[in-house]
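Single-letter residue listing:
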Amino acid sequence: MVDRSAGGAWPERLAFLGALVAVPAVLQVGMPVDIATAQAPVLLILAGICVGIGTSIANGCTSGHGVCGISRFSPRGIVATLVYIGAGALTVLALRVVLGGL
Amino acid sequence: MRIILALVAGSLFGAGPHISGMTDTTKVQGFLDFFGAWDVTLAFVMGGAIIPMAIAWRMVPGRAPLVGGSFAPAPDPALDRRLIAGSILFGVGWGLIGLCPGPAIASLTYGGWNSALFMIAMLGGMIMAPAAARRLDSMSGQA
Chain A
2 MVDRSAGGAW
12 PERLAFLGAL
22 VAVPAVLQVG
32 MPVDIATAQA
42 PVLLILAGIC
52 VGIGTSIANG
62 CTSGHGVCGI
72 SRFSPRGIVA
82 TLVYIGAGAL
92 TVLALRVVLG
102 GL
Chain B
16 MRIILALVAG
26 SLFGAGPHIS
36 GMTDTTKVQG
46 FLDFFGAWDV
56 TLAFVMGGAI
66 IPMAIAWRMV
76 PGRAPLVGGS
86 FAPAPDPALD
96 RRLIAGSILF
106 GVGWGLIGLC
116 PGPAIASLTY
126 GGWNSALFMI
136 AMLGGMIMAP
146 AAARRLDSMS
156 GQA
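Chain order of the listed sequences is A and B.
If you count the first sequence from 1, position 10 lands on 11 in the working numbering, and the numbers rise without skipping.
If you count the second sequence from 1, position 30 lands on 45 in the working numbering, and the numbers rise without skipping.
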């Protein structure tokens, strides 16, 4: 939708997104999950921009490369997954060091 | 029919990560915490999702979707700079907060300002992406 590639397919994309938002909203009542509690706004914005640019130029994320890519033994999917998990692990390590929680 | 299937797919994509803990940002960061108290459980979520998908891929060749259109062709398998740089950026953002795109959308109703802010920044990043990709391509050195 962001890249305007939907064309005539926007009703089904809207249906998909609607269900994706609505179902967890209902589930959250019965089995709540912890979500980004008390995060600094600057961190949220920085992370959001990284995720937005990164998943767009790499053509995929945890579902696209991780689940769909690895399952068809795509070299791109496997490499991308290893790279983003590695980068994520180093980021968490850096956060721990900065926050002094290591 | 396609809209009903989209609703089913969206519901599953919303419910699965929620139930398995993939939308729990603390749990995601625990999964990425290789050097600390590593929580391996999300690897099983991903592995569990890969198995049915691998079976589905095996059934695709020689078939057409029942609801029209066609299956997406296999993309160019080349490993390029966009893939690596994009994946690094995504990994950093994922590690910082513990949200990837699916859960970010799924958490919009209950994540409050945190989710909304992340979502807006993510959309902004997606809009900036073509320019970032061109800049990446124009950098000197071998691709």
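Accuracy of the hints is not assured; some may be wrong.
What the hints assert, rightly or not - Here are a few chain B residues that face chain A, going by a calculated C-beta distance under 7 Å:
id : residue
1  : R17
2  : T41
3  : F59
4  : L98
Just so you know, these hints were derived from the structure itself, not from any lab.
Note that beta-carbon positions come from the ideal geometry of N, C-alpha and C, so glycine has one too.
Against the structure, the hints:
1. Given the 7 Å rule on beta carbons, the hint for R17(B) holds: about 5 Å separates it from the nearest Cβ of chain A.
2. A distance limit of 7 Å between C-beta atoms decides the matter here; for T41(B) the minimum to chain A is near 5 Å, and the interface restraint holds.
3. With its C-beta approaching chain A no nearer than about 13 Å, F59(B) sits outside the 7 Å limit, and its interface hint is violated.
4. Taken as an interface hint, L98(B) checks out: its beta carbon lies about 5 Å from the nearest beta carbon of chain A, inside 7 Å.
Against the hints set out earlier in the document, a violation occurs for number 3 only.
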